[in-house]
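**Q** Generate coordinates for the entire structure from the input sequences, incorporating the hints supplied.
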Amino acid sequence: MTIELTGRQEEILGIVKDSGPITGEQIAERLSLTRATLRPDLAILTMAGFLDARPRVGYFYTGKTGSQLLTEKVKKLTVQDYQSIPVVVNESSSVYDAICTMFLEDVGTLFVVNKTASLIGVLSRKDLLRASIGKQDLETMPVSIIMTRMPNITVCEKDDLVIEVANKLIEKQIDALPVIKKDADNNLEVIGRVTKTNMTKVLVDLSHDQLL
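The sequence shown begins at 1 in full-length UniProt numbering and counts up one residue at a time.
I should point out that these hints are in silico values taken from the structure, not numbers from a laboratory.
Heads up, some of the hints might be wrong.
Unchecked claim - Quick list of in silico lysine-lysine cross-link-like pairs, DSSO-like style, CA-CA up to 30 Å:
(1) Lys-172 with Lys-182
(2) Lys-158 with Lys-168
(3) Lys-201 with Lys-73
(4) Lys-115 with Lys-73
(5) Lys-126 with Lys-168
(6) Lys-73 with Lys-168
(7) Lys-196 with Lys-182
Said to hold, decoys possible - Derived Cβ-Cβ restraints for the label pairs, each shown as a range:
(8) Thr-46 with Met-141: 58 to 66 Å
(9) Ala-184 with Val-74: 27 to 35 Å
(10) Arg-149 with Ile-85: 20 to 28 Å
(11) Lys-75 with Arg-39: 24 to 32 Å
Note that beta-carbon positions come from the ideal geometry of N, C-alpha and C, so glycine has one too.
**A** Next up, the structure:
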């Protein structure tokens, strides 16, 4: 993976590699351009991580490749940057109501909470499908009967790294993780969700930043 640079930006990198540290004025003189003309290119190269700048010293080449810069950027992304609004149901809700909620909210995972709004279970499409295949009365069956319970629920927190959560989604072969916040009594409040769709958005955003 490489960052796509313009011809002028490549020229600037070449000059800084050979002559750095070098000031913006000196780079502009080498290219027969004004400092104002070069300012956007220097800003892009600096923000992307190819160049660094020091006051009264000038610009110097960091030596990092496009792949290294991409890896560094991904490793800094946290869950709170990409989490979505969670969809929760109460443990006393019926399986029928859960199916309706999943359909109306267009999600693949529901998080089950108790009377104190603490996370106690997770419902997937597969859970609801299995329940609907049988001859049970879905309108009277509570979701607590078919949900996955603690401690078999994989969770994450808002400060966790996106790359770590992506690994959990792959390893556990699940569609979504609840983003939780622990209170003083170790109860888990559901404050968000991270899904495979969120992971796709990470890739799209990186692409828009010209890092793919």
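**Q** Of all the hints given earlier, name the ones this structure violates by number, lowest first.
**A** 4
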